[in-house]
Amino acid sequence: MKIKLNVGGLDAILRLGIGSGFIYIGFINLEILNDQIASIILGIFGGIIFLSGAFRYCPLYIVIGFNSRNTDHS
Amino acid sequence: MQMRNKLILYFATFVMLTLVAFGLSAYHILQEKSADYDMLLLEDLARIQSEDIAGQFRNVESLQQIAAKLKNQSSADHLMLLLDSGYNIIRPAASDDRALPSFVNQALREMAVNDKASGKFDLVDNTYTWLQSKPAKTNLTIAHIYTSVNNAKLYQSKLIKRLVVMAIIIFWIGVWGALIIAAVITRRIAEQQEKIEYQASHDMMTGLHNRNYLASKINQIIASKKIPSLSVIIIGINRFKEINNTLGHDFGDILLKEFSMRLKSELWSHDTVARLGSDQYALVLPLSDHAHWEVVIGKIEKILQEPFTIQDIRIVTDVSIGISIFPSHGKTASELLRYAEVAMYSAKKSGMLFACYETSKDPYSIERLQLIGELNNALDNNELELHFQPKIAIDSLKLVGCEALLRWNNPSRGRIPPDVFIPLAEQGSLIKSLTEWVLDHSIKQCADWHKTGNRISISVNLSARLLIDDNIIEMVDLYLAKYALSPQYLILEITESAMMVDPGRARSIMEKLANRGVQLSIDDFGTGYTSISQIQHMPVKEIKIDKSFVLNMLEHSGDAMLVKLIIDMAHGMGHQVTAEGIEEQLILDKLKSMGCDIAQGYFLGRPMPLAEFNQYCLRS
Chain G
1 MKIKLNVGGL DAILRLGIGS GFIYIGFINL EILNDQIASI ILGIFGGIIF
51 LSGAFRYCPL YIVIGFNSRN TDHS
Chain V
1 MQMRNKLILY FATFVMLTLV AFGLSAYHIL QEKSADYDML LLEDLARIQS
51 EDIAGQFRNV ESLQQIAAKL KNQSSADHLM LLLDSGYNII RPAASDDRAL
101 PSFVNQALRE MAVNDKASGK FDLVDNTYTW LQSKPAKTNL TIAHIYTSVN
151 NAKLYQSKLI KRLVVMAIII FWIGVWGALI IAAVITRRIA EQQEKIEYQA
201 SHDMMTGLHN RNYLASKINQ IIASKKIPSL SVIIIGINRF KEINNTLGHD
251 FGDILLKEFS MRLKSELWSH DTVARLGSDQ YALVLPLSDH AHWEVVIGKI
301 EKILQEPFTI QDIRIVTDVS IGISIFPSHG KTASELLRYA EVAMYSAKKS
351 GMLFACYETS KDPYSIERLQ LIGELNNALD NNELELHFQP KIAIDSLKLV
401 GCEALLRWNN PSRGRIPPDV FIPLAEQGSL IKSLTEWVLD HSIKQCADWH
451 KTGNRISISV NLSARLLIDD NIIEMVDLYL AKYALSPQYL ILEITESAMM
501 VDPGRARSIM EKLANRGVQL SIDDFGTGYT SISQIQHMPV KEIKIDKSFV
551 LNMLEHSGDA MLVKLIIDMA HGMGHQVTAE GIEEQLILDK LKSMGCDIAQ
601 GYFLGRPMPL AEFNQYCLRS
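First to last, the sequence lines map onto chains G and V. Heads up: the first sequence begins at 1 in the working numbering, then just goes up one per residue. Heads up: the second sequence begins at 1 in the working numbering, then just goes up one per residue.
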C-alpha cells in the first residue's frame, strides 16, 4: 500500500526547521543545555519532527483527518 | 466513559502539568534571586571591612594586602571575612545589622569551637570548607569559606532547562491531544449526522429509500436537465391488505422485506428504488421508452415468479404497476408520483399488470377538476344544447321519434364531446342537474312538436346514478305535467350496466315509471351482463341493439346472427327492437329482412341541432 503523503510544502519546511533546531540543541551542541536527559528528549523529539517533515508524512494527521498537502495545492 | 468526562479529565491533567511546571520554575527562579541577595550582602561587608583594616592598620603590611584582597572580593565560591578576637565578624557598629547567610554563621561557630586551622560542614545541598589564620601583630582572625562545586545554581539551571524541554513536549502533546479530541468529536457528530440523514432518507423496515428521498432525487434529476425524459414506476402489491388481515401484520412485514430484497437484488440501480408506503414501491428510470419498461416489468415478473415462503406458507403475489413520464405527464416529483399512483390504481382496477398514466382515466386530474367547475357554470350560462337524432320505422321509413343528445359548447375549449363530460358529471352530483335540464328541454321540445302536429316520441338517456333514488320519478312527473305531454311519448333509455348497479332498486324505479305510462328502453343491449330472465321481468318496451354489432353485421356473420337472435328474442318477449349505428343501405335492408322495427344511424340522420331537425321533419 502506498502511503499517502499528507504534509504540504510550508508545513514540511517548518518541520524541517524546528526539527533540525532541536536536533542541534539535543545532539550536536550539548553546551546549550548542558543536561543529558533534557538533550536526549529534545533530540528525539526534534528527530521525529524532522523525519515527519523529510518524508512529508505525519501519522497524527491521519488520526485527526487533516491534510496540509491538499490545502497547499488548492 | 462519557466523552464529556474524558475531555474534562484530559483538560484537568494538562492544566495541572502546566501549573506544576510553571510553579517549579518560578520557585527556582526565586531561589536564585535570594542567593544573589546573600552574595550582595557579603560583598558589601567585605568592602566595609577592607576600608576598616586599611584605616586601622596602616603600618601592618600583611593586613594591608588582605584589605586589598577583601576589596576586590567577587568570587562566589570563595569568601574571605575578617573576624575579631571573639570570632565575630567585623562590621560597623549599628550601621549594618543585616542578618548574615546561615552558612557564614555556621562557619563562624565551627571556627570558634574547633581550635583547628580548617574544617568542613554540609548545609542544605552544599558542602562548605573553611580555613582560619591569624595574622601577626593583631588579635584578628581571617576566615576563608569555600563553597563546593555541586552547588544549587547548577542544579537550578538544569531543572529549568528540563522544565523548558518538558514544557515544549507537553505543549506539543496538548495541542495534538486537543486536535485528536476535536477530530474524534467531529467524526462522531458526522456519524450521527449520517445516521440521521440515513433515517430521513430510508425506509426503516426494508432499508430501501423512502418517498422523500425519491422525490428529491427525481427533482434533482429533472433540475439537472441532463436527461430529456424519465419514467416513474410505482409497484403496488395486490391484495396486500388481505394478507395482513388474514396472516397478521408480522407476516405482512416479512413479505414486504422479502419483496424488497428481491427488488434490490434484481434491479440494477439500487439508488432509485424506494418504498413509498405500506405496499407501494417506486423506481425511477432515466428513460421513457416502452422497451425499457418491458425490461423492468419483466424483472418484476421474474421476482414474483417464485412464491414467497414465509413461516412454511407459500404465497403467490402479483403486483400492479403504474407508470408516469416526465415531461409529458408532470414536471415535478410530486406530480409524477401521484400520476404513477393513479396509473397503478387504474391497472389494479382493470386487472392489468401495468398501466401508463392517462389524463382521461385520472378522476382527479386538474384539467378534469377545472372541467367540472366549468360544467357547473355551463348550466347557468346556457352553454348546453340538445341535438336530435331521428329514429325511423324500418318498414314504413317514417320518422317515429328522436333521441335527444346533450352537447356542450364550452366558450374557451370549443365543443366538448359527451363521452368526456358525462362521466365527469357522474362523478359529482351534477348529473342530476344535467338530467333535469335535458328532461326539461326535451319534454318541452316534444310538446312543441306535438302542437304543430308532429307526433313523434323523444328518447332521453338516463344515467345509472339516477336509478338509485326516487327523484327521477318526481322530475319526470313535474315536466310531463308542466308541458302537458302524454307520457307514452317519453322514452327513457337505460343502459344494461346501469340496471345492474342495484337491480332491485332499479327495477322498482323502472316499474314506477312504467306505471305512469313512460316508455323504457334498454340501451346498448348486448354489451353488458344482463340476465335474460331479468329482462323478461323488466317493464321495458324497447331494446336497442348496440351499434358495435350492427356496424360489423355485413362482415361478421357472428354479429349478424347475434342481431337476429336479439331481434327474435325481444319480439318473443314482446319488446320492440331498435338498431343503432346504421351507416349504409345494405345494413338497413338486412335489418329489414330480420324484422327489426326501428333504425337509427348516420345513414338515416346524424344528431342535428333543433333548426336542422325541424327541416328534416318537414322533408320526411
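Calculated from the structure, these hints are not laboratory results. Among the clues, some could well be false.
What the hints assert, rightly or not - Once the Cα atoms are required to be at most 20 Å apart in a straight line, the calculated SDA-like pairs of lysine to any residue come out as: (1) 161(V) / 61(G); (2) 217(V) / 227(V); (3) 158(V) / 30(G); (4) 592(V) / 565(V); (5) 158(V) / 37(G); (6) 161(V) / 24(G); (7) 158(V) / 23(G); (8) 158(V) / 20(V); (9) 161(V) / 51(G).
Said to hold, decoys possible - Listed next, with one range per pair, are the computed distances between beta-carbon atoms: (10) 36(G) / 14(V): 55 to 61 Å; (11) 173(V) / 16(G): 43 to 49 Å; (12) 44(G) / 62(V): 16 to 22 Å; (13) 32(G) / 14(V): 26 to 32 Å; (14) 167(V) / 16(G): 37 to 43 Å; (15) 51(G) / 200(V): 43 to 49 Å; (16) 186(V) / 51(G): 45 to 51 Å.
Quantities reported herein were computed from a predicted structural model and do not represent experimental measurements. Ideal placement from N, C-alpha and C gives every residue a C-beta, glycine not left out.
Each hint, compared with the structure:
1. 161(V) / 61(G): violated, 30 Å
2. 217(V) / 227(V): Within the cut-off at roughly 13 Å; holds.
3. 158(V) / 30(G): holds, 13 Å
4. 592(V) / 565(V): With a Cα-Cα distance of about 14 Å, the restraint between residue 592(V) and residue 565(V) holds, given a limit of 20 Å.
5. 158(V) / 37(G): Cα-Cα ~10 Å, so holds.
6. 161(V) / 24(G): holds, 15 Å
7. 158(V) / 23(G): holds, 18 Å
8. 158(V) / 20(V): With a Cα-Cα distance of about 16 Å, the restraint between residue 158(V) and residue 20(V) holds, given a limit of 20 Å.
9. 161(V) / 51(G): violated, 24 Å
10. 36(G) / 14(V): 55 to 61 Å: For residue 36(G) and residue 14(V) the Cβ distance comes to about 27 Å; the hint is violated.
11. 173(V) / 16(G): 43 to 49 Å: Taking Cβ atoms as reference, residue 173(V) and residue 16(G) lie about 21 Å apart, which means the hint is violated.
12. 44(G) / 62(V): 16 to 22 Å: violated, 59 Å
13. 32(G) / 14(V): 26 to 32 Å: With Cβ atoms ~27 Å apart, the hint holds.
14. 167(V) / 16(G): 37 to 43 Å: violated, 23 Å
15. 51(G) / 200(V): 43 to 49 Å: holds, 46 Å
16. 186(V) / 51(G): 45 to 51 Å: violated, 27 Å
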